[in-house]
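Enquirer: First to last, the sequence lines map onto chains Z and E.
Each position in the first sequence, counted from 1, maps to that position plus 907 in my numbering.
If you count the second sequence from 1, position 134 lands on 130 in my numbering, and the numbers rise without skipping.
Don't read these hints as lab results, they were simulated from the structure.
Note that beta-carbon positions come from the ideal geometry of N, C-alpha and C, so glycine has one too.
Keep in mind that a hint or two might mislead.
[Unchecked claim] Pairwise CB distance ranges, derived in the manner of DEER restraints:
#1 Z:981 with E:60: 45 to 51 Å
#2 E:165 with Z:970: 56 to 62 Å
#3 E:152 with Z:937: 36 to 42 Å
[Claimed, not checked] Not everything, but these chain Z residues come out facing chain E in the computed CB check (under 10 Å):
#4 911
#5 917
#6 924
#7 932
#8 936
#9 939
#10 945
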Amino acid sequence: MKRFSEQLQNKANSVKLRVAEKRDLRERVVSYMEYHPMPISVRQLGATHETEQVKLVHVSLWRILQISTATFGVLLLSITYLAERAIPGDSLYAVKVGFNEEVRSTLSRSPYEKVVWETERLNRRIAEARLLASEGRLTEEVEVEVANAVREHSDNARREIEVLKQTDVDEATLASIQLATAIDMQSSSLKK
Amino acid sequence: MLDDNSMESHESRFLNAFEEYSDALFRHASIRISDREKAIDLVHDTFTKVWSYGRDGHKIDSYRSFLYKVLNNLIIDEYRKKKESSLDNLLSMEGVDEGNFPELTESTTEALAATIDGQKAFELLHDLPDVYREVLIFRFIDELGPKEISEMIEETENVVSVRIHRGLKMLREIIEKETNIREENRITKQKFK
Chain Z
908 MKRFSEQLQN KANSVKLRVA EKRDLRERVV SYMEYHPMPI SVRQLGATHE
958 TEQVKLVHVS LWRILQISTA TFGVLLLSIT YLAERAIPGD SLYAVKVGFN
1008 EEVRSTLSRS PYEKVVWETE RLNRRIAEAR LLASEGRLTE EVEVEVANAV
1058 REHSDNARRE IEVLKQTDVD EATLASIQLA TAIDMQSSSL KK
Chain E
-3 MLDDNSMESH ESRFLNAFEE YSDALFRHAS IRISDREKAI DLVHDTFTKV
47 WSYGRDGHKI DSYRSFLYKV LNNLIIDEYR KKKESSLDNL LSMEGVDEGN
97 FPELTESTTE ALAATIDGQK AFELLHDLPD VYREVLIFRF IDELGPKEIS
147 EMIEETENVV SVRIHRGLKM LREIIEKETN IREENRITKQ KFK
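Make the full structure from the sequences, and use the hints.
Expert: Below, the structure is given as structure tokens:
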């Protein structure tokens, strides 16, 4: 069919407007356009040009949105990273405890993971208290806060161990030992 | 400012369409109606009608399809004016069954087209009824697909495929007939020498 089509095309291509014919035809069409201009109502519709403009605005808005999202992402990552080093009394400590650690809690799905994470949080609180003590910044107020936090995390861990016992006794025992060890270690180090 | 730009854009799009498609439209019309001056007039009328359509506030997504469709309607009107008493009229009459060839595939059309000399076919396109000439020109010269043609002439794709197939068969028969006549003439001439 390609050969037939090509042969037909070659012959058909010989049929075309002469330059003068095309020029005259164009003049006739342009003249018609001039005598029948676009009404204002149609101009205001903006036809496709308007859609092109909308598209341009849409593209630039999309770009702004992309840049804003990227900037926000970088800012968020920087804050959360810096917050990880914060200790009680620092401005970013609330971010560390209230955002970073809560996000990680949410990400811990199984009861065992939750116990491990609560144990880790407990260790963190005690480590923070020790650091403050070594710097001479451990006030009574902070001590109370740390004690409350340790109690809260150990309670959370115990609660999760109870949940874990119902599904996996061995893992519950293991988690329970890890928690007890952590508490013992931290208590003995604090006594020193 | 936006209004002026919108109008300019509309005009420039329209004139770009003129530059891009006027030759192809003229070729199509000229082959269909075999009248150069009339073909130019039909192309002119096509563009003015499309411009008026835009003036009425209608949006034109594809100038190519729309221009071809308007031109095709004008060509059909032209045929109606001439009131041809040909197979065209019989086919355009209500209730004429053009057949249903579900087995008609592109490969059978391809095989049929492969047996035809395209150059001779071009010279003999005028001997075909316009319903067949129309689809053959759309398919093989304007290179539109059956679906596009079906939208253009407002028939089903099946009807388009059947017409392409029948048109090719008719062309082959006409070419064979021509060849036989020439051959007979040559032999007759030789006898009288």
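Enquirer: Honestly, which of those hints from before does the structure not fit?
Expert: Violated: none.
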